[in-house]
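What follows is each chain in one-letter form.
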Amino acid sequence: MNLSSKSYTADDFAAVQEFFHARKWTDGLPIVPPTEAAVRACLEWVAMAPDHLVGIEPVRERAITAEKLAINAVMAGCLPMHFPVVVAAFTAMLQEPFLLHGATASTGGCAILIVVNGPIRDETGMDGTFNALAASDRASTAIGRAVRLTLYNLLDVRPGAADRATLGHPGKISYCLAEDEANSPWLPLCEERGIPTGLSAVTVMAAGAPRQLMNEWTTRPEEILDTFVAEIRANMLNYSIWPGNYAIVLPPQLRTHFAAAGWSKADIRRYVFDHARVTRREWAACGKGSVVGDKADKVYQALPAADDLLVIAAGGPAGGFGAVIPPWFGPKSRAVTVAIGACVDCG
Amino acid sequence: MTIRFLDPTHEADSRAFVAAPRLAALDGATVAIISNGKKSTKPFFDAIEAELKGRYRVASVVRLTKYNYSAPVEPELLKEAAKWHAIITGVGD
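Residue numbers (the working numbering), protein chains in the order written: chain E, 1 to 347; chain C, 1001 to 1093.
Quick caveat, the hints were computed from the structure, so don't treat them as lab data. Just so it is clear, the structure is predicted and the values come from calculations on it, not from any experiment. Accuracy of the hints is not assured; some may be wrong.
Pairs of lysine-lysine, DSSO-like flavour, derived with a Cα cap of 30 Å [said to hold, decoys possible]: (1) K288(E) with K1038(C); (2) K1066(C) with K332(E); (3) K295(E) with K1066(C).
Heads up, incomplete: computed chain C residues facing chain E, CB under 10 Å, no partners named [unchecked claim]: (4) M1001; (5) H1010; (6) V1091; (7) D1093.
Even glycine gets a Cβ: it sits at the ideal position worked out from N, Cα and C.
With the rest of the complex left out, here is chain E (with noise of 0.2 Å):
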């Protein structure tokens, strides 16, 4: 296995990371030196040859490839158990539907989120309870940095290069979950997209920050959701108004009483897809009056189906919050979800 990277040499660990620093090929952040050895176990791992296409990056034509994946897996602190994760993610966010430029280049300032679903979330010790959104464990942290650093190296996706957002959000940072399936009483976001049972999976989708939500006084189905559309609404009218993919999060105390009612992840979205919804005369009461136009009584829809929403089982067991995490630009980037380590369509 021959690699084909420039290679560089530093005194000590100290000296690595301010070589990295000043050639501003980290996210501000130490990171783990990317040694031949680090990266040939990466690569090793997902039995994928240094030289292995992952992707083109069709803006700048830009070729991702399994070795400088592997690079900037291995500074992010991924395990080579971490690596296909990551390299599902890119896979995923090469596809077009993702609008991968656009999402990481955008003034909107969104974020890449991942999802992962499946056996690898235990393999790898991904838990999906406590502080599910951030830093929750070792490999989601790894594996969503490693997916922002690739995109610094690889696609200049950097402050002020290709990423020209004004003011970006913590989820730039590493933005990855996985869903708490075992806790779940649903069906898990990957199946409910098309992945068949059993296997592992990706979904990506450039993300907004999510935005934290409390109802612990009901426990009526219709009442919880009544609060994350309240939100949702919001979103369209403070921040976009377009529909798209947007992603609930439901914690154990909350999934308790859909449960009780029996309700699905589907019955779940086809009531969010009726009542998110604004009118654009709604604009006039957080100071956006001059855009109504004469189009004051037009109706918008968060979601163009109610399959657009995504329903994502996470979160500590107590406490009765949830999140909405919006879309970066309605539906012009779409969320993606890739099989890890299979090809589920190849006939």
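Keeping the supplied structure of chain E fixed, place chain C upon it in accordance with the hints.
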């Protein structure tokens, strides 16, 4: 202890883009202006068009707008490009 490590960047894929030959003058030229489609491009490019025609005596200005401001320009918008002497593209927010 010396540590040897690998370059994480696209290194070998840094293509050497070469700028097109510069025009000596704009008199009588056809210039295309491609907007990314955002609202504020209109007054900005209106002003550029007026400057091109008034100050630089450009013969004609072709105004085009991308369908999706976050995606590359659609190939069909460039099918007449061989007839243009220059293209101006830009964003508006």
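Each hint tested on the structure:
| no. | hint | in the structure |
| --- | --- | --- |
| 1 | K288(E) with K1038(C) | 17 Å, holds |
| 2 | K1066(C) with K332(E) | 13 Å, holds |
| 3 | K295(E) with K1066(C) | 24 Å, holds |
| 4 | M1001 | 6 Å, holds |
| 5 | H1010 | 5 Å, holds |
| 6 | V1091 | 9 Å, holds |
| 7 | D1093 | 6 Å, holds |
The structure agrees with every numbered hint stated previously.
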